[in-house]
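> Top line first, the protein sequences correspond to chains B and G. Heads up: the first sequence is residues 1 to 88, going by this note's numbering. Heads up: the second sequence is residues 1 to 145, going by this note's numbering.
FYI, nobody ran anything at the bench for these hints, they're computed from the structure. Keep in mind that this is a model prediction, so the values were computed, not measured. Each hint should be verified, as a subset may be incorrect.
Claimed, not checked - With a straight-line cut-off of 30 Å between C-alpha atoms, the simulated DSSO-like cross-links for lysine-lysine are:
(1) K11(B) x K55(B)
(2) K98(G) x K61(G)
(3) K55(B) x K85(G)
(4) K61(G) x K9(G)
(5) K85(G) x K11(B)
(6) K55(B) x K132(G)
(7) K85(G) x K132(G)
(8) K65(G) x K54(B)
(9) K54(B) x K18(B)
(10) K98(G) x K132(G)
(11) K54(B) x K9(G)
(12) K61(G) x K18(B)
(13) K101(G) x K65(G)
(14) K98(G) x K18(B)
(15) K54(B) x K132(G)
(16) K11(B) x K97(G)
(17) K98(G) x K9(G)
(18) K9(G) x K97(G)
(19) K97(G) x K65(G)
(20) K65(G) x K132(G)
(21) K85(G) x K9(G)
(22) K130(G) x K85(G)
(23) K98(G) x K55(B)
(24) K61(G) x K85(G)
(25) K98(G) x K65(G)
(26) K130(G) x K101(G)
(27) K54(B) x K85(G)
(28) K97(G) x K61(G)
(29) K18(B) x K55(B)
(30) K65(G) x K130(G)
(31) K65(G) x K18(B)
(32) K11(B) x K54(B)
What follows is the residue order along each chain.
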Amino acid sequence: MADNLVGELKKLIIETLKLEEISPEDIEDDGRLFGDGLGLDSIDALELVVALEKKYGVVIPDSEVGERVFRSVNTLAQFVRENQIKNA
Amino acid sequence: MRYDETEIKVRFNEVDSWGIVWHGHYIAWFEVGRMALLGRFNLLPQDFTQMGYVAPVVEVKCFFKEPARMDEEILIRTSVLQPTKAALTFHFQILRKKDGKLLATGEETQVLLTLDGRMLYIIPQDLREKLKPLFDYLEEPDSVA
């Protein structure tokens, strides 16, 4: 179940940001998403926030929370799991 | 989408040694257009600061189609799209007034930060309300021919 969410999030990142040359296997579960990792930027974060809220109902209000949540796909998955439970 | 319109005249210090407007000045012209539009709705930088926000530009695009020359009267047309994320994307058209020739188009994106540098991922309700009259105005049919 946990692995499904990680895979699902990788697909969501690729589709939302139109990363046409990247496949889910290219994204490491613990690899950095921003900066020298996958190379995402602040505008990408804004796009992802909208997609995540739409799909999972989770809210990432600002960069203070975002820096922690967007560290890797694993940290993002953990945030989605925890906050979906809270919202349920 | 409606555009707001403001006029300028090309100044001597804006043309290069080829007699045409140096490309960098178009970005300053975008700023003239943006301030004219935002000023009408009390959304100038100081208004943002009073609410506890700043809105830095993070992306600029400009497409140059025809040159502008000294003393020509220029129309700067400015609009901004209803945001789908926590950013404001402005659109610009630069036209020569005498014949309506489109000289350049551009786009600029601003994000929102708190005064202590926290980037907002969601547009806060107070700012959303303050922006509403601007978007209501821009959604009216374009009155500019």
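> Next step is simple, just say for each hint if it's right about the structure.
Hint check results:
1. Distance restraint check for K11(B) and K55(B): the Cα-Cα separation of roughly 12 Å lies within the 30 Å cut-off, and the hinted pair is therefore satisfied.
2. A distance of roughly 25 Å separates the Cα atoms of K98(G) and K61(G); the hinted pair therefore holds under the 30 Å criterion.
3. Distance hint between K55(B) and K85(G) is fulfilled; the C-alpha atoms sit about 15 Å from each other, no more than 30 Å.
4. For the given pair, K61(G) sits about 22 Å from K9(G) by alpha-carbon distance, which is consistent with the 30 Å threshold.
5. Pair hint K85(G) plus K11(B) holds up; C-alpha atoms about 20 Å apart against a cutoff of 30 Å.
6. The straight-line distance between the Cα atoms of K55(B) and K132(G) is roughly 26 Å, inside the 30 Å bound, and the hint therefore holds.
7. With a C-alpha separation of about 15 Å, the suggested pairing of K85(G) with K132(G) holds against the 30 Å cut-off.
8. With a C-alpha separation of about 39 Å, the suggested pairing of K65(G) with K54(B) is violated against the 30 Å cut-off.
9. About 17 Å separates the Cα atoms of K54(B) and K18(B), which keeps this hinted pair within 30 Å; it holds.
10. For a cut-off of 30 Å, the pair hint linking K98(G) to K132(G) is broken: about 34 Å separates their Cα positions.
11. For the proposed pair K54(B) and K9(G), the alpha carbon gap of about 47 Å is over 30 Å, so the pair is violated.
12. With a C-alpha separation of about 20 Å, the suggested pairing of K61(G) with K18(B) holds against the 30 Å cut-off.
13. Between K101(G) and K65(G) the CA atoms are separated by roughly 10 Å; this keeps the pair inside 30 Å, and the hint holds.
14. Straight-line distance between C-alpha atoms of K98(G) and K18(B) comes to about 42 Å, which puts the hinted pair past the 30 Å bound.
15. Taking the CA atoms of K54(B) and K132(G), the gap is near 23 Å; set against the 30 Å cutoff, the hint holds.
16. For the suggested pair K11(B) and K97(G), the alpha carbons sit about 49 Å apart, so the restraint of at most 30 Å is broken.
17. Restraint check: the Cα-Cα separation between K98(G) and K9(G) comes to about 12 Å, which is no more than 30 Å; the hinted pair holds.
18. Straight-line distance between C-alpha atoms of K9(G) and K97(G) comes to about 10 Å, which keeps the hinted pair within the 30 Å bound.
19. Using a Cα cut-off of 30 Å, the hinted pair K97(G) and K65(G) holds, with the two alpha carbons roughly 15 Å apart.
20. Proximity of K65(G) to K132(G) is assessed by CA-CA distance (about 33 Å); at most 30 Å being required, the pair is judged violated.
21. Distance hint between K85(G) and K9(G) is unfulfilled; the C-alpha atoms sit about 35 Å from each other, more than 30 Å.
22. Simply put, K130(G) and K85(G) have alpha-carbon atoms about 16 Å apart, close enough for the 30 Å limit, and the pair holds.
23. A hinted pair counts as satisfied when its Cα atoms are at most 30 Å apart, and K98(G) with K55(B) does not qualify at roughly 51 Å.
24. For the given pair, K61(G) sits about 19 Å from K85(G) by alpha-carbon distance, which is consistent with the 30 Å threshold.
25. At most 30 Å may separate the alpha-carbon atoms for a hinted pair to count; K98(G) and K65(G) meet this at roughly 17 Å.
26. A C-alpha spacing of about 35 Å is found between K130(G) and K101(G), which places the hinted pair above 30 Å, so the restraint is violated.
27. Annotation: proposed proximity of K54(B) to K85(G) holds, straight-line Cα distance about 12 Å (limit 30 Å).
28. At most 30 Å may separate the alpha-carbon atoms for a hinted pair to count; K97(G) and K61(G) meet this at roughly 22 Å.
29. Restraint check for K18(B) and K55(B): the C-alpha separation of about 17 Å stays at or below 30 Å, so the hint holds.
30. Restraint check for K65(G) and K130(G): the C-alpha separation of about 35 Å exceeds 30 Å, so the hint is violated.
31. A distance of roughly 29 Å separates the Cα atoms of K65(G) and K18(B); the hinted pair therefore holds under the 30 Å criterion.
32. Under the criterion of a C-alpha separation no larger than 30 Å, the hint pairing K11(B) with K54(B) is consistent with the structure, at around 15 Å.
Hints 8, 10, 11, 14, 16, 20, 21, 23, 26 and 30 from the earlier list are contradicted by this structure; the remaining hints agree with it.
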